[in-house]
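Engineer: Could you build the full structure based on these sequences and the hints that come with them?
The sequence shown begins at 1 in the numbering used here and counts up one residue at a time.
Derived by calculation from the structure, the hints in this document are not laboratory data. The reader is advised that the hints may include incorrect statements.
[As the list claims (entries may be wrong)] Derived lysine-lysine pairs resembling BS3-like cross-links, with alpha carbons at most 25 Å apart: (1) K439 to K426; (2) K101 to K175; (3) K607 to K581; (4) K485 to K103; (5) K505 to K439; (6) K516 to K501; (7) K501 to K607; (8) K587 to K493; (9) K587 to K206; (10) K458 to K421; (11) K270 to K103; (12) K101 to K270; (13) K101 to K275; (14) K69 to K270; (15) K163 to K206; (16) K206 to K161; (17) K516 to K581; (18) K516 to K505; (19) K607 to K587; (20) K505 to K493; (21) K275 to K81; (22) K81 to K505; (23) K485 to K175; (24) K328 to K587; (25) K328 to K75; (26) K275 to K103; (27) K103 to K175; (28) K458 to K206; (29) K426 to K501; (30) K328 to K581; (31) K69 to K275; (32) K607 to K516.
All values derive from a computational prediction rather than experimental measurement.
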Amino acid sequence: MDDAGEMHAFGRSLRGESSVWSRGSGDLFPRSSPDYDEEEALRWAALEKLPTYDRARTAVLAMPGEGLKEVNVEKLSAQEKHALLQLVAWVGDDHERFLSKFKDRLDRVGIQLPTIEVRYENLNVEAQAHVGSRGLPTILNTYANLLEGLANALHLTPNRKQKIPILHNVSGIIKPHRMTLLLGPPGAGKTSLLLALAGTLPSSLKMSGDLTYNGHTMDEFVPRRSAAYVSQHDLHMAELTVRETVNFSAKCQGIGHRFDLLMELSRREKEQHIKPDPEIDIYMKAAATGDQKAEVVINHILKVLGLDICADIMIGNNMLRGISGGQKKRVTTDEMLVTPGRALFMDEISTGLDSSTTFQIVNSIRQTIHIIGGTAVIALLQPAPETYELFDDIILLSDGHVVYNGPRQYVLEFFEIMGFKCPKRKGVADFLQEVTSIKDQGQYWINNDETYRFVPVKEFAEAFQSFHVGQAIRSELFVPFDKDKSHPAALKKSQYGASMKELLKANINRDILLMKRNSFLYIFKATQLTLLAIIAMTVFLRINMHRDSVTDGGIYMGAIFFGILMIMFNGFAEVGLTTIKLPVFFKQRDLLFFLAWIYSLTSWIIKTPLSLLNATIWVGITYYGIGFDPNIQRFFRQLLLLFLVNEAFSGLFRFVAGLARHHVIANTIASFCMLNFMLTGGFVMARDNVKNLWIWGYWISPLMYAQNALSVNEFLGHSWNKTTPSFKRPLGRLVLESRGIFPNTKCTGLVLVPCSDMCYYLISYTVFASHSSIHLTTTSQQYLKKH
Numbered sequence: 001m002d003d004a005g006e007m008h009a010f011g012r013s014l015r016g017e018s019s020v021w022s023r024g025s026g027d028l029f030p031r032s033s034p035d036y037d038e039e040e041a042l043r044w045a046a047l048e049k050l051p052t053y054d055r056a057r058t059a060v061l062a063m064p065g066e067g068l069k070e071v072n073v074e075k076l077s078a079q080e081k082h083a084l085l086q087l088v089a090w091v092g093d094d095h096e097r098f099l100s101k102f103k104d105r106l107d108r109v110g111i112q113l114p115t116i117e118v119r120y121e122n123l124n125v126e127a128q129a130h131v132g133s134r135g136l137p138t139i140l141n142t143y144a145n146l147l148e149g150l151a152n153a154l155h156l157t158p159n160r161k162q163k164i165p166i167l168h169n170v171s172g173i174i175k176p177h178r179m180t181l182l183l184g185p186p187g188a189g190k191t192s193l194l195l196a197l198a199g200t201l202p203s204s205l206k207m208s209g210d211l212t213y214n215g216h217t218m219d220e221f222v223p224r225r226s227a228a229y230v231s232q233h234d235l236h237m238a239e240l241t242v243r244e245t246v247n248f249s250a251k252c253q254g255i256g257h258r259f260d261l262l263m264e265l266s267r268r269e270k271e272q273h274i275k276p277d278p279e280i281d282i283y284m285k286a287a288a289t290g291d292q293k294a295e296v297v298i299n300h301i302l303k304v305l306g307l308d309i310c311a312d313i314m315i316g317n318n319m320l321r322g323i324s325g326g327q328k329k330r331v332t333t334d335e336m337l338v339t340p341g342r343a344l345f346m347d348e349i350s351t352g353l354d355s356s357t358t359f360q361i362v363n364s365i366r367q368t369i370h371i372i373g374g375t376a377v378i379a380l381l382q383p384a385p386e387t388y389e390l391f392d393d394i395i396l397l398s399d400g401h402v403v404y405n406g407p408r409q410y411v412l413e414f415f416e417i418m419g420f421k422c423p424k425r426k427g428v429a430d431f432l433q434e435v436t437s438i439k440d441q442g443q444y445w446i447n448n449d450e451t452y453r454f455v456p457v458k459e460f461a462e463a464f465q466s467f468h469v470g471q472a473i474r475s476e477l478f479v480p481f482d483k484d485k486s487h488p489a490a491l492k493k494s495q496y497g498a499s500m501k502e503l504l505k506a507n508i509n510r511d512i513l514l515m516k517r518n519s520f521l522y523i524f525k526a527t528q529l530t531l532l533a534i535i536a537m538t539v540f541l542r543i544n545m546h547r548d549s550v551t552d553g554g555i556y557m558g559a560i561f562f563g564i565l566m567i568m569f570n571g572f573a574e575v576g577l578t579t580i581k582l583p584v585f586f587k588q589r590d591l592l593f594f595l596a597w598i599y600s601l602t603s604w605i606i607k608t609p610l611s612l613l614n615a616t617i618w619v620g621i622t623y624y625g626i627g628f629d630p631n632i633q634r635f636f637r638q639l640l641l642l643f644l645v646n647e648a649f650s651g652l653f654r655f656v657a658g659l660a661r662h663h664v665i666a667n668t669i670a671s672f673c674m675l676n677f678m679l680t681g682g683f684v685m686a687r688d689n690v691k692n693l694w695i696w697g698y699w700i701s702p703l704m705y706a707q708n709a710l711s712v713n714e715f716l717g718h719s720w721n722k723t724t725p726s727f728k729r730p731l732g733r734l735v736l737e738s739r740g741i742f743p744n745t746k747c748t749g750l751v752l753v754p755c756s757d758m759c760y761y762l763i764s765y766t767v768f769a770s771h772s773s774i775h776l777t778t779t780s781q782q783y784l785k786k787h
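Structural biologist: Here it is, written out as structure tokens:
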């Protein structure tokens, strides 16, 4: 959360009751306390005379061995930056006190922080799915669903899927400055409700009803930037460290209104002659300006969630050792706390965490929500009693119905009216989870005068409408929220948190880092290609190669074909490298970290040097070793063509991976494409021998254009200008004509191979930009199983 210097970031930088600015002479500086205070006062007096723009970027920094020093936070030396980070990184146990001091600073000048009130009325969510035997994930059903989906898209057949309701007419108000706990048994619809409230509901689910933020409908602002949704799925790049993961999130989502807040705060303090707390002042300046702004915020959030001890450890996965499952869950939370959103919707953030850690995290969020004024809805699975007590409001969801939605202190009263009481031995949260269950409900029945009967969820929901809390909510919903009371900075209107240049830079830096972490793979692939080039050179050794007949030309053409195949196979690794990153990509794309074209362009930019390296290795070893035409221009032309071939097929394999979105399926499709290109590429079977039924495959094969271009480049060289007794034309032309290659198309390959590269880039971008997402769900059936 952002705007107020990041709600969760402005905490825990005090140590005990004293700060670094109030220490005695025996601590950091060899001078007396009066002298120190006098110099500090002079520094602040000089600082107050600066214009607001300069004052917002100038801070008084305590340098070890140098005393107090005025520094420009945007232009810090390495030593000054280190001293600044050390100063703001002092973390203690008084998170609440720090937030209070920050809020007091704002209150002294009359600055109100933006808040968000979320209202939802008659909200319904439904999915479409096959039921019965048709809904089973069999091979036959898979193909039947695929064909039916295609027929439905073409309006050839009616849609046979049935509508499955997930949420039924749920209504409520989520207010700022209050913590809301979302409870419910598995399958109650908790995740669906959180996704709907955060504006991240998948397009496969249909939503109806009214949903507003501060009275504004969802099409009047960008919900995914105004709110932060923390998923229950931990999807991260395994090769990145915890700090790098959160840092990437911060760079993509920007700093929000921190700088605007700092400028306005400095202006008002100057007008009213107010001296701010030095430590809070330097923290706000460091978090809003300069290259270290993201690092300052990240360090504090990591410490608040207890991730500072593993900040520089890779996240890891099943094949790479990394942090624990509980720490991954905290990284997922941490990644979204740096967003500029003022509303938090958190889905089961306690999975894998012990009760003590869960309490600390929720308590930290609670302090921030209460003091700074955020909005939070947190779904927890069986919270401990002490964690339950931290919440102000409760939403109890069961079978898609809201059973209770209101203050925590009235929830037991409601169920006692309904005839159910929570025993003293039972935690309230566990009681609420079980009281609507047909198996557990009977043990809580207290009306001994009446025979127990099962009370269905729908009856609970109807009774709540008559309860005084439900009536109060309905009365409040009847009066629309006054839009004029909404803070201009509360709702985000821009689609992304940073400029396109900054997003591209962040993605390029991340991909370079990932390439370094996977350097073994690229070194191994380069070594493999080098060995294959040496083997090819010895197989087609120039001392055994002749230029006396068309048959000899066929051997040279075979060497060219083998080179193209090696370059093509070398790009096959893109299938695995792309599919393994797709879940993270779709999550970050859907949360508006970056645009799909930036991701596609970054992949192309980063992999271009590798393509050039692969082509250089192959051509450098085999060209003169095999004995191709010695003309240096033809050498570089072959190098350029093989480089373009590598680019084209790398783009093809990225497209296949994005289209299939599953490693096994992508491998199958990519192998099928390669075999078809080999078969119709013009070498296995010459163009004149290809049947009319498959001639289209010949013309669309990028391997064919590469084979033609490289063959023309070789056989029109001076080495092949000799004539034979039977034919008066050059031998090179005869070789080309024997394989159905047009000798006069010198530049065709140089044009069409790059065109195919660009075509694969564009269609891969289209696939990556498609609305369907896999990080939340892949089908409505999977969604129903989980929720």
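Engineer: If a hint holds in the structure, say so; if it doesn't, say that too.
Structural biologist: Structure-based check of all given hints:
1. K439 to K426: holds (16 Å)
2. K101 to K175: holds (23 Å)
3. K607 to K581: Distance of about 15 Å is within 25 Å: holds.
4. K485 to K103: OK: K485 and K103 at ~20 Å, within 25 Å.
5. K505 to K439: violated (56 Å)
6. K516 to K501: holds (23 Å)
7. K501 to K607: Holds - the C-alpha atoms of K607 and K501 are around 19 Å apart, at most 25 Å.
8. K587 to K493: Judged against 25 Å, a Cα distance of about 21 Å means the pair holds.
9. K587 to K206: Answer holds: K587 to K206 is near 20 Å, not above 25 Å.
10. K458 to K421: holds (19 Å)
11. K270 to K103: Measuring from Cα to Cα gives roughly 18 Å; hence the hint holds.
12. K101 to K270: holds (19 Å)
13. K101 to K275: Within the cut-off at roughly 13 Å; holds.
14. K69 to K270: holds (21 Å)
15. K163 to K206: At roughly 10 Å apart (the allowed maximum being 25 Å), K206 and K163 satisfy the hint.
16. K206 to K161: holds (14 Å)
17. K516 to K581: holds (16 Å)
18. K516 to K505: Holds, at about 17 Å.
19. K607 to K587: holds (23 Å)
20. K505 to K493: holds (23 Å)
21. K275 to K81: holds (24 Å)
22. K81 to K505: Holds, because 22 Å separates the two Cα atoms, which is no more than 25 Å.
23. K485 to K175: holds (14 Å)
24. K328 to K587: holds (15 Å)
25. K328 to K75: violated (35 Å)
26. K275 to K103: Judged against 25 Å, a Cα distance of about 15 Å means the pair holds.
27. K103 to K175: holds (19 Å)
28. K458 to K206: holds (22 Å)
29. K426 to K501: Judged against 25 Å, a Cα distance of about 55 Å means the pair is violated.
30. K328 to K581: Given that 25 Å is the threshold and the Cα spacing comes to 17 Å, the pair holds.
31. K69 to K275: Holds: K69 and K275 sit about 17 Å apart, inside 25 Å.
32. K607 to K516: Holds. K607 to K516 sits at ~13 Å (cutoff 25 Å).
Hint compliance for this structure: hints 5, 25 and 29 are not met, and every other hint is.
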